Amino acid sequence: MAEAAADSSNSAVDGGGGGSVQNDYPTIDPTSFDVVLCGTGLPESVLAAACAAAGKTVLHVDPSPFYGSLYSSIPLSSLASFLSPEASPPTSTAAAAASDSHTVVDLHRRSVYSDVETSGAAPEPARRFTIDLVGPRVLYCADEAVDLLLRSGGSHHVEFKSVDGGSLLYWEGCLYPVPDSRQAIFKDTTLKLKEKNVLFRFFKFVQAHIAAASASADETGQGDASAKIPEEDLDLPFVEFLKKQGLPPKMRAVVLYAIAMGDYDQDCADPCEKLITTREGIQTIALYSSSIGRFSNAEGAFIYPMYGHGELPQAFCRCAAVKGTLYVLRMPVSALLMDEEKKHFVGARLASGQDILCQQLIIDPSYKIPNLDVPFDGSHSHFPRKVARGICIISKSVKQGSSNVLVIFPPKSLEEQQVAAVRLLQLSSNLAVCPSGMFMAYLSTPCTDVSAGKQCIKKAIDALFSPQASDGSEGHLETASESTEDVKPTVIWSCVYVQEITQGTSGSLLSCPMPDEYLDYRNILGSTKKLFASIYPDEEFLPKKSAPVYADDDSDSAE
Numbered sequence: 001m002a003e004a005a006a007d008s009s010n011s012a013v014d015g016g017g018g019g020s021v022q023n024d025y026p027t028i029d030p031t032s033f034d035v036v037l038c039g040t041g042l043p044e045s046v047l048a049a050a051c052a053a054a055g056k057t058v059l060h061v062d063p064s065p066f067y068g069s070l071y072s073s074i075p076l077s078s079l080a081s082f083l084s085p086e087a088s089p090p091t092s093t094a095a096a097a098a099s100d101s102h103t104v105v106d107l108h109r110r111s112v113y114s115d116v117e118t119s120g121a122a123p124e125p126a127r128r129f130t131i132d133l134v135g136p137r138v139l140y141c142a143d144e145a146v147d148l149l150l151r152s153g154g155s156h157h158v159e160f161k162s163v164d165g166g167s168l169l170y171w172e173g174c175l176y177p178v179p180d181s182r183q184a185i186f187k188d189t190t191l192k193l194k195e196k197n198v199l200f201r202f203f204k205f206v207q208a209h210i211a212a213a214s215a216s217a218d219e220t221g222q223g224d225a226s227a228k229i230p231e232e233d234l235d236l237p238f239v240e241f242l243k244k245q246g247l248p249p250k251m252r253a254v255v256l257y258a259i260a261m262g263d264y265d266q267d268c269a270d271p272c273e274k275l276i277t278t279r280e281g282i283q284t285i286a287l288y289s290s291s292i293g294r295f296s297n298a299e300g301a302f303i304y305p306m307y308g309h310g311e312l313p314q315a316f317c318r319c320a321a322v323k324g325t326l327y328v329l330r331m332p333v334s335a336l337l338m339d340e341e342k343k344h345f346v347g348a349r350l351a352s353g354q355d356i357l358c359q360q361l362i363i364d365p366s367y368k369i370p371n372l373d374v375p376f377d378g379s380h381s382h383f384p385r386k387v388a389r390g391i392c393i394i395s396k397s398v399k400q401g402s403s404n405v406l407v408i409f410p411p412k413s414l415e416e417q418q419v420a421a422v423r424l425l426q427l428s429s430n431l432a433v434c435p436s437g438m439f440m441a442y443l444s445t446p447c448t449d450v451s452a453g454k455q456c457i458k459k460a461i462d463a464l465f466s467p468q469a470s471d472g473s474e475g476h477l478e479t480a481s482e483s484t485e486d487v488k489p490t491v492i493w494s495c496v497y498v499q500e501i502t503q504g505t506s507g508s509l510l511s512c513p514m515p516d517e518y519l520d521y522r523n524i525l526g527s528t529k530k531l532f533a534s535i536y537p538d539e540e541f542l543p544k545k546s547a548p549v550y551a552d553d554d555s556d557s558a559e
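First residue of the sequence shown? That's 1 in full-length UniProt numbering, and the numbers climb one at a time after it.
It cannot be assumed that every hint is accurate.
[What the hints assert, rightly or not] Lysine-lysine pairs mimicking DSS-like chemistry, simulated, CA-CA at most 30 Å apart:
no.	residue 1	residue 2
1	K454	K250
2	K386	K368
3	K196	K244
4	K412	K194
5	K412	K342
[Stated by the list, open to error] Computed beta-carbon distance windows for the label pairs:
no.	residue 1	residue 2	range
6	K192	Q283	51 to 59 Å
7	P30	Q417	51 to 59 Å
8	G173	K244	23 to 31 Å
9	L193	Q283	24 to 32 Å
10	G526	S111	38 to 46 Å
11	E540	G401	42 to 50 Å
12	S214	D538	26 to 34 Å
13	K244	P123	22 to 30 Å
14	D147	S534	15 to 23 Å
15	E231	D115	42 to 50 Å
16	Q468	D147	41 to 49 Å
17	A452	D147	31 to 39 Å
18	L275	R127	41 to 49 Å
If you are wondering where the hints come from, they were derived from the structure by calculation, not from laboratory data.
Quick caveat: nothing in here was measured; it's all calculated off a predicted structure.
Beta carbons: idealized from backbone N, C-alpha and C, even for Gly.
Given the sequences, and given the hints that come with them, work out the whole structure.
Right, dumping it as structure tokens:
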């Protein structure tokens, strides 16, 4: 990967403008780029690859010694310092000094995590456990993140495994398999015949609509109009449409929360800001169904990157580097350079003291911008959004015989006050994220109230796992399967915390979105594409021709 070489032969060398370059920092040449990105999170890395593919000159820096920023996969031993960093003063070496034509505005980093609570002793050696900061998260086999990896060539730098255990629904104290296909419905011994018939009819109806809509959208414009769901039904709340189709409560929960991936309670009496329409629900069902069987070596709809989600930013950074992007790690940005007359950011001052000029500046959302009288949307969000997350190391799988499993706790399944779904993703050693014989479990739920969000995470942990007991005994978990009772996994170590969420912003200073509360990357990539379009409206976003040619190209494999 193209990186600037460190120049520590002199204590200070000419930095090409502004301040002085300090010892042990590399001197960057040239000193002007089309785009400068601060932080190597997934959105920034995708933008770097897209800008480089469009022929732009790009500098990509990160204060950390590794790639990924808020999207990193880090050793367990580093988690505590990452979630609760010590406050540090501004790193600007010449914070008060302005250049001849620019105003220098100090930049501060802030923690986006709060209310961190750990329990239990971390197993040794802790470095054998890799922690995903964005978990729980998966990729649909057919979603745009996978397509972008294929189009950009990033798929050659990352390997995936399938979520082989499929999905489970927590319902009335038991775990039930999610019947997400005709074959799964047929094999499901927990479903009554009437429930199977209702689901068969529903999925047949929906698939006919998807096929007709797809045919209408192709070049011929031909499709069976009679097979389409009426527009008035597509605009209905999805839960009302499911009731019209005769789905009982449990089957509605399967479709709403385990397949359509609804977050908030869809049955609540009050207007819900996240109420799913039938159109939106069917779009996700279409994505879900098209993901099953896309890759010959992937079971089910979901895949997960080997070594964790931190591999994804690295893959896109490699693609950007091939196209000429310059990478410098261990390089904080200490200040911004602003054209005082135009009220426009025109560059960045690095921790080395060197000033770098650019046409477009894009920063990690963990940077805090002082209040300025400039046209910058620093609000990030129209309303407070947070996500409560949990990480557990457990002794065994929640589903016997399965390595990687997704569990959905619908709203109100844990307690009456639960207003949003809780998702849990169990990962095994076959993903190289933990030692053999142990498992990682990630949980999340969106929240506006920190206490309520953490409470839901803890209740989900208590529902599936037993605490570490001094006598080594374990509790029991009811499962609706061939074995009606199974021993609960033991929680060896756990961490529960809250992460704030901000959206990407546009203007003379772009800020990328933080990891959100969703299971996949659709919203994050959607925001990233909008940011790219706002900079280069006439350029194609990561066109197919931008990918390097590899001799072993195989788009039918998830690896």
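Do the hints match the structure? See the list:
Annotation: proposed proximity of K454 to K250 holds, straight-line Cα distance about 25 Å (limit 30 Å). Under the criterion of a C-alpha separation no larger than 30 Å, the hint pairing K386 with K368 is consistent with the structure, at around 17 Å. Restraint check: the Cα-Cα separation between K196 and K244 comes to about 17 Å, which is no more than 30 Å; the hinted pair holds. Under the criterion of a C-alpha separation no larger than 30 Å, the hint pairing K412 with K194 is consistent with the structure, at around 25 Å.
Note on K412 and K342: the hinted pairing is violated, with a Cα-Cα distance of about 53 Å set against a maximum of 30 Å. Under the hint 51 to 59 Å, the C-beta atoms of K192 and Q283, about 29 Å apart, miss the expected range. Between P30 and Q417 the beta carbons are some 57 Å apart, a value that agrees with the proposed interval 51 to 59 Å. A beta carbon spacing of about 29 Å between G173 and K244 agrees with the range 23 to 31 Å that was offered as a hint.
Between L193 and Q283, the C-beta spacing of about 30 Å keeps the proposed range 24 to 32 Å intact. A beta carbon spacing of about 26 Å between G526 and S111 contradicts the range 38 to 46 Å that was offered as a hint. One distance hint, 42 to 50 Å for the beta-carbon pair E540 and G401, holds here, with the actual separation near 45 Å. Against the hinted window of 26 to 34 Å, the Cβ-Cβ separation of S214 and D538 comes to about 29 Å, which satisfies the hint.
As the Cβ distance of K244 to P123 is approximately 51 Å, the hint placing it in 22 to 30 Å is violated. Between D147 and S534 the Cβ separation comes to about 22 Å, which falls inside the hinted range of 15 to 23 Å. Separated by about 45 Å at the C-beta atoms, E231 and D115 satisfy the suggested range of 42 to 50 Å. Taking 41 to 49 Å as the suggested C-beta distance range, the pair Q468 and D147 conforms, at roughly 43 Å.
For A452 and D147, the Cβ-Cβ distance of about 37 Å falls inside the hinted range of 31 to 39 Å, so the restraint holds. Take L275 and R127: their Cβ atoms lie about 44 Å apart, and the range 41 to 49 Å holds.
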